[in-house]
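*Asks:* Input sequences plus hints: build the corresponding full structure.
Counting from 23, one number per residue, gives the positions in the sequence shown under this note's numbering.
The set of hints was computed from the structure by calculation and includes no laboratory data.
Since we're looking at a predicted model, the values are computed, not measured.
Hints should not be assumed to be uniformly reliable.
Computed list of lysine to any residue pairs in SDA-like fashion (alpha-carbon distance at most 25 Å, straight line) [what the hints assert, rightly or not]:
#1 K104 x G59
#2 K104 x F182
#3 K97 x D44
#4 K141 x C67
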Amino acid sequence: MSLFKKIFQKNEEVSTPYNYEDRYAIEHVFMPNWILGPDGAGVICQILDEEGQFFVDTYNNYHRDDAKYSCPYTKEQFSVSKSRITGQDENDLFAVRIVMPQPERTPLCSLIFLLHDDKMESRRYLTIERDDNLTSGYAICEWDKNQDLSDWNARGMHAFYGNYSDDRLMQILRA
Numbered sequence: 023m024s025l026f027k028k029i030f031q032k033n034e035e036v037s038t039p040y041n042y043e044d045r046y047a048i049e050h051v052f053m054p055n056w057i058l059g060p061d062g063a064g065v066i067c068q069i070l071d072e073e074g075q076f077f078v079d080t081y082n083n084y085h086r087d088d089a090k091y092s093c094p095y096t097k098e099q100f101s102v103s104k105s106r107i108t109g110q111d112e113n114d115l116f117a118v119r120i121v122m123p124q125p126e127r128t129p130l131c132s133l134i135f136l137l138h139d140d141k142m143e144s145r146r147y148l149t150i151e152r153d154d155n156l157t158s159g160y161a162i163c164e165w166d167k168n169q170d171l172s173d174w175n176a177r178g179m180h181a182f183y184g185n186y187s188d189d190r191l192m193q194i195l196r197a
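*Replies:* In structure tokens:
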């Protein structure tokens, strides 16, 4: 069984309508659980390997029982890159930067950062989310791997770092 199918079987109990709810569920429920869960290293490797196709397949698999469904995005609307940053303790961290399609509304993501150490044992999931209530228009948020995100009611249960700026983001990434 592929890692992708294994992940989706774990989350079959979550069901939402199409469009906004789909994207919200993928960005705020599935992705944090996948990245911070026991298969997180494999998911990160799969994203790096498949890039935008990973997300198109995610949307299509989310609706695998609907033969008429087609992902509303193309693989070219997603961009995946990896870079090395130095943390506060001088240890190297790796940041996978995922550029998402333009968020249609609050609180959808414009960027997702997957941070990990060289062995992928320590992982973090951060988002840059549209927030029309902030002066920058975007907020920096982070999920905690010790938090149970399996319940759909866990929406919004993440650290909120406030207004997005490049300097603030780098400060948080290096922490």
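*Asks:* Determine for every hint whether it applies to the structure shown.
*Replies:* Hints and how they fare:
A threshold of 25 Å between alpha carbons decides the hint, and for K104 with G59 the separation of about 20 Å falls inside it, so the pair holds. Distance hint between K104 and F182 is fulfilled; the C-alpha atoms sit about 24 Å from each other, no more than 25 Å. Annotation: proposed proximity of K97 to D44 holds, straight-line Cα distance about 16 Å (limit 25 Å). Using a Cα cut-off of 25 Å, the hinted pair K141 and C67 holds, with the two alpha carbons roughly 12 Å apart.
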